[in-house]
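Note that the protein sequences, when read in sequence, are chains A and B.
The number in the working numbering is simply the position in the first sequence, starting from 1, with 733 added.
For the second sequence, position 70 (counting from the first letter as 1) is numbered 65 according to the working numbering, and the numbering increases by one without interruption.
Among these hints, one or two may not hold up.
Listed below are the simulated BS3-like cross-link pairs for lysine-lysine, each with C-alpha atoms no more than 30 Å apart in a straight line [what the hints assert, rightly or not]: (1) B/LYS73 x A/LYS1441; (2) B/LYS81 x A/LYS1147; (3) A/LYS1522 x B/LYS120; (4) A/LYS1522 x B/LYS15; (5) B/LYS73 x A/LYS1522; (6) A/LYS1441 x B/LYS81; (7) A/LYS1441 x B/LYS111; (8) B/LYS211 x A/LYS1522; (9) B/LYS15 x A/LYS1511; (10) A/LYS1522 x B/LYS175.
To be clear, the hints were calculated from the coordinates, so they are not data collected in a lab.
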Amino acid sequence: MRIFLKKFYRDLMESKGQFMSVLLVVIVGVMFYIGINSSIVNLSESGNKYFENYRLADLWASVYRAPEGVVKRIETIPGVKMATGRIVRDVRISIGDREAIVRIITLPDEKRFNVNDIQLKSGSYFSNESGNQAIISSDFYKTNKLYIGQILEPIINGDRVKLKIVGTAQSPEYVYGIKDGSEMVPDYKSFGVIYVKQSFFQSVMDYKGSIDDISVLLNKGSDIKKAKDEMKKVLNQYGLVNIVERKNQIAYSSFDDSIKSLKGMAAAFPILFFIAAAVIIYISMRRMIENQRTQIGVLKALGYSNFDIMLHYQTYPLLVGVLGSIIGSVLGVFIIGKGLTGMLVKYFTLPIQETRIDAGLVLPAALLAVSFCVLAGYTACKKELYLAPAESMKQEAPASGKNIFLENARLFWKNINSIWKIVLKNFFRYKRRSAMASLGIVFSMVLLISAFGFKNSMDATVNVQFSEMQKFDVKVNFSKILDNDELNFIRSMEHVQSVEPVLETGVEISNGWMKKNVGLTALNPGSALLSVLDEDSRPIRIPDNGILLPERLMRALYLKVGDKVYLRFYYPGENEDKDKKEAIVAGNSLQYSGLNVISSIDYINYLLKEGLAVNAANIKLDNPVNENDVMQKLKEYQAISTIQSKSEFAENYKKGIEPMNSIVYAMILGAIILAFAAIYSIANINILERRREIATLSVIGFTSRELKSVIFNENYLICASGIVLGIPLGRLMAEYMLNMTNTDTMYTPLVLSSSSYIISVLLVVLFTMMANALLAKKILSIDMVESLKSRE
Amino acid sequence: MAPIIIVKDVIKEYEMGEVKTRVADGISFEVNEGEMVVVLGPSGAGKSTVLNILGGIDFPTSGEIWVDGNDIARFNRKELTMYRRKHVGFVFQFYNLMPNLTALENVEIATQICDKPLDAVSVLKEVGLEGRMGSFPSQLSGGEQQRVSIARAVAKNPTLLLCDEPTGALDYVTGKSILKLLGDVNRQGKKTIIIITHNASIAQMADKVVKIKNGKVESVKLNANPLPVERIEW
Ligand SMILES: Nc1ncnc2c1ncn2[C@@H]1O[C@H](COP(=O)(O)OP(=O)(O)OP(=O)(O)O)[C@@H](O)[C@H]1O
Ligand SMILES: [Mg+2]
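Excised from the complex, chain B in its bound form (with noise of 0.2 Å):
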């Protein structure tokens, strides 16, 4: 199977003054459709910054980053914005939900700009939260609110559904219903999903994990049998 993303030589620097950091030092690797890759690394290491890339919201100094056979890197920002309304889910550690929209309308909002969008009530039950679609994210738990957040995501329908940290602001009960959700959206949806964590024990459920360090690459493993999240415990 060719993969359907690849990351090569992906080199990010900052420049404060004179002085220039390399927070991706030539990162390189492979994501094959419908995998569930998790990336660990070290507080600092330079992961969001690459997923931050891969989603189109950051640019790379130099490298290539070939989505479904397009180098995104040479993307001008129109193109990005088409692209990641059309093959990107985004989730992060802090929802960023919109204060003053219902739970149905932060999916609608995404739904309603995509061509091939899923349906939002019905992508809503699927997270389980059939009876809180009239509330709004003040009155909703952090969990319930990554709910929603993932929701969004997955109900545009994209290519790639990215997650930082999606269970870092969660306890570890609701973290796990969360990477439940994930796995779900994996398996019977077929999507491909990278998802940035801290916790090594995730790397489990993984199809593959990829390991940074320093703004490189430490290691690509293949998971031959990713374990269910149920069956993992941390």
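Looking at chain A on its own, in the form it has when it is part of the complex (with noise of 0.2 Å):
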């Protein structure tokens, strides 16, 4: 068996370059597969611990006002195990001078086990001495740069409220800290929650002995559907608004769909990469085997056996598959493993566990990896090995000319010189092998169009929010209905150009047993500070005898324009099964993020009957600079709840994507690879093959230039038809990447920008004239003299 190996090695070593080019897709491959998987294990494992540890509710219960009694009550219907009952509350507060929302959550005066519970992260529970005492969570703490002893003054109904910070704490409740399904990504600046004791808040509130939340944990494996229904029972005469499953629960499923869309990422990425890699080893392989056919019918007629042989040969594949899963795993893990925990943690708040090799995870990649190599080199070889030893010790029979189809072109073929005849031909005399080189473009490109598709899309979806939706620089909301001389009071105020009265409220939209509780955004049909749009981005109308909603809420729900739905409101007082208002779906809307239902301000007082008025304002300012100006006007404004500046909130978005760049890049990088191996190797092994053709024009008199376009031609041949291919496969997947992160209430529609195609092209181009430049020197070093020496 050593002199095998010494083969063996002399072999290697003459093809340096086609190892190591495949070695490094496998290593990628690899890479992709366990950096993305450790990332999944590790943070899906870290969320669990974290949801169990602190006792992340199953079932989320809003009522208007219920007696603290009742969470007893809840307590016992079958399948709960506990169940705490709280205030919650969003109110408006300055810090510095910004503007912030908090959401105000009671917990018990004493510590106690409870449902949702948090994670103390720095100085202590409420002690039993002032009643104002206040847990803040940790990131809007460090964002705002807060200290422990610091009072803060949230406007609470109406009133300045102190509160004295004590700790900061962290909760499986906001593991992705954002404010509702409107926001897309967590800004600590502006978002934040603050623990309060309970008795204190009830006090403020005017709750004495009522709360307005009920969050329940169940038993393992209890049906969630009758424990819901038992808690309507429960719960409808207090002014039930709505019951939130953990699966709905926004913070809980934006982690979980993340998750799920890094899991087909993780399906789709590596695979491109084994495919590759078993190509290039197959072709590789072929060649070899091809060229040592004498050698291995010797090797039998001196009585090794197939299997000896083939030992010997699938050397080159395991030794492949083996080294790239070691090297992959460790650089996956600490690179792409480590830099995706480290990106995914920006986003989500939670403890997360060190980074580590997890065998786990490194045996199927091994496998996966291992098994595309020795599978392609298998193929490669059977045929041979199956030979007689007589038959695969003579030559195989001369490589035969044909004509292709284009020769019957005649025009076309009669124009074109010899270089390009040449080259046709033996594209299209190795089909399958063009074929195989093409595949690793095609891959590059898929890689690169879906990577630039990813980008172009997330941009897209900025632009079109904050220039084409929201034409406002300003947007307040008011704790209470507003009437038409407070909003003339802020028309009037200086450096306020226009102001635009919005109604936003939540509600229930059934169409018969499907319903689904969304937000509703009403405005003046001639809106023009908040441009709605239909789902192919044009600007339409809002109509006056219907509703708008987006396509994914209508598909959720069966529904198609002109159908009927029912609409229940939550305002106070409105939630009674007879209060739903029938309402007619008039189109379809553009929304990038939450769920909402447009209309006019006139449809719903026409739809309720009653002069509603509205609670929230648009606002543009003669001048963005003065941004600052106004808001500290409006600031003073007390039944304001909250103000927010659409250019801060532009940013914080922007900022929060940011570090998405670095798939898009990661994928480019793979692209690179792929489709620099692929030509590289395949080039390689035609090189190779070809000396003799290439010495023989070399002796004729073609010019070194002459030499390498032979080659190169047909690498861009095999570019080019990769390109035509990976351009609509490209598109596919890119589809399907943003499928896997849209969600509910997340949409990103596809964007792919002509530049995206262009620099795809250009750059695989590239790649592949990178390619030629390393070949280049291989195929002006070949020595005329002695490949023409001999008969081969």
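Could you use the hints to bring the two separately framed chains together as a complex?
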């Protein structure tokens, strides 16, 4: 066997470049596989532990007002393990000269185990000294540079209430720290959670002995639907607003969705590399075997068994597979895995485990990589192995020329030069190999186009959202219904150019037994500061005889334009079934985040048959530079519950999606390696095989340039056919990728600009040229005398 | 008449580790325009080496090779390529045709890069392949393949035709017809031809016979009355 290893080593040294390039492809494949999967495992394990340890609720019920005692009754429902009653309220707060919204959540005065518990990060839990102690969510605390002992003054019920910071904490309930479905990425500067003593907040809110939120933890495996129905029965009398299941809870579902989309990536990308590696191995092994068929015959004649010989040849793919797995695993965990987890931790707040190499991941990756390699190697040599020794010692029949279909296009064939004739004939003569070489380019294109598609779509979302839809500069929400005087007051403020009223509320939309809790935004039909677009991004007028829904909501409820639906409004008092209002679906509307019913204010008033006023306003300034001025003045207005600056919001969103760029870069890097390795190794084989032809052409007097173009033009041809196939496949892949990230509340339509196609094509051509540059030396160093000395 | 080729003191050494082997050890001879020269010598004597140097596909260690007034030993790579392109036609023992091009295309590949090529079709007719122009090398016999390779060399309309054992892989009758073809090219086409062979009888058709042994020219003989191939038997 030692002699075999020696032979193997010499064969290997003869095609180092090829070995390296296929190894590189396997390494990248394993890297992606291990990297993405280790992030998934790390994230979901950390998440699950966190959710379990701090008892993330299975159901959240929100009511108008219920006595604390109701919690005990909920706990008697079969399947319910534990229930916690709280008051949850969003309030406004000024921090420095910025406005933020905080969600005030009550906790028991004395530490107790409860549902949706907190993990204390610093400071301490409430002591029994003063009532106004507060524990701040740690991200909000850090981002706003707060300190323990600091007094915060949120505006609660129209009054400034002093709260003293005693500690910081995080909770699985806010693993993704967004306020609601309308936000896409967390903005810790402007949203946070403040935990306060229940008794204190009850007295501030005039809610003595009452709560408005019940979080429920179920026993494992119990029936969620049943528990939910039972809860409804108990809570209906207290003005039940809604019951949200864990899978729909905004933070949990964001977390879960991003794990799902990671899984989609983990399933798609590594396979591209493994297939490409298998193809390169197959082609290189075919060549090696064809060149060595006489040797194989001799070995067999000498008495070596098929198994011995097979083992010898499989050393190559085995080595590629094993080395690739080892290197890829280490790099995958520590580069992709660490990087990706690090990126995800920017979005999610949870105690994350230390990154480590996990045998449970490395083994399947190695198995996958090795089996792709070995299978390719086996397929490449099985034919020769089962030939009789005498047969394999014979020369293979000389390569036969054949007319290719292009020659039938006489005019074309006559007018191209001989170099192109050689190139075209070779390309079509080795159809299978050409196709396989093109595959590398196809995959490379797929990676590039889906990477750019991902980026384009994200960018387009930002652009449409912030410049085509939202044309206001500042948006304010009020904690009460607004009247005309108040609107006029804002209108008359200095620097305010125009003000448009908005009604924002929650509704339950139902079609038969299917229902969904969504938001409702009502605008004046001519709304100019918030444009409504249809799903083809065309501006539309808000109808005054119906509502607009995002296409995905229509699909979820099996609705089409013209159908009737029922809306139940969450306006205090308006929450009985009899208060359901019939409305007509008039069209679709583009919504990137959140699910909203869009309608005109008049239509809502017509439905509710009462002069319902508005509770928010979009404000346009004469000049955006005056934003701070105006916001300062608006802050004085205690009835305003939130003030949002669009530029801040847009800024935060752009910053929020920035880390995604690293995914795009990783994909581009993968594409480079794929294209390069495929072209390089396949052309390398081509050159090795055609030394004699190249030497002959050189003797005839072909210049270096002409010689190179014989090989290079074929590479360009391979590249071109890969591009032609890669473009539609890349588009499909981009669509698949975005679909993986699209959820109920998040929707990113695929946008692929023509420049992305052009850049992808240029990049692939560039990689081909780079591979060519490396190959040039090989072509020019072919020794004419040596190559032509004897019959091969 | 001034000689068109002057080979002067050509030395070719190969270095293998510490050892230097001299495979051409001061080779000198001259060839006049339109001459048919036969090079004879035992195997390993250095015949191919000299021919390759003369054809611009190998380099001498030292010495001068004057062709048409230029010393090609001093040519750089690019000049050598142009030299091969314009002045040299090569015929090898193993034809070296492009396997996936037809006979005609194999000739055209050469004519396309020259300044004053002959018409590929008529050259193929002249070598007797009128009916096989569309055939691929694998569909042709050895002799026919060698005809294509001669046609390829001739169609370039080169200054000199270099043939390294052109009949080495062929049977007697086919070999003879190939030599006749080369004879015709020499007489009718007025081409300077150098043929390497192991067959001493062929020397009878040459104007000049150069014998090489151990990397040295053993003798140069002029043949006052070269015989046509048909009259030579071996
Ligand atoms: N690349 C090389 N390295 C070392 N020695 C070489 C090399 N190429 C040729 N030789 C040696 O040069 C000598 C002359 O070779 P050449 O091919 O010129 O002989 P030849 O006269 O054509 O022989 P034959 O009639 O067998 O073709 C031989 O002894 C050969 O071993
Ligand atoms: Mg020789």
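We went through each hint and held it up to the structure:
1. B/LYS73 x A/LYS1441: With Cα atoms ~14 Å apart, B/LYS73 and A/LYS1441 stay inside 30 Å; holds.
2. B/LYS81 x A/LYS1147: Distance of about 24 Å is within 30 Å: holds.
3. A/LYS1522 x B/LYS120: Between A/LYS1522 and B/LYS120 the Cα gap is close to 29 Å, so the pair holds against 30 Å.
4. A/LYS1522 x B/LYS15: holds (21 Å)
5. B/LYS73 x A/LYS1522: holds (23 Å)
6. A/LYS1441 x B/LYS81: holds (20 Å)
7. A/LYS1441 x B/LYS111: This hinted pair holds, its Cα atoms lying about 24 Å apart.
8. B/LYS211 x A/LYS1522: holds (21 Å)
9. B/LYS15 x A/LYS1511: holds (27 Å)
10. A/LYS1522 x B/LYS175: holds (25 Å)
In this structure, every one of the numbered hints holds.
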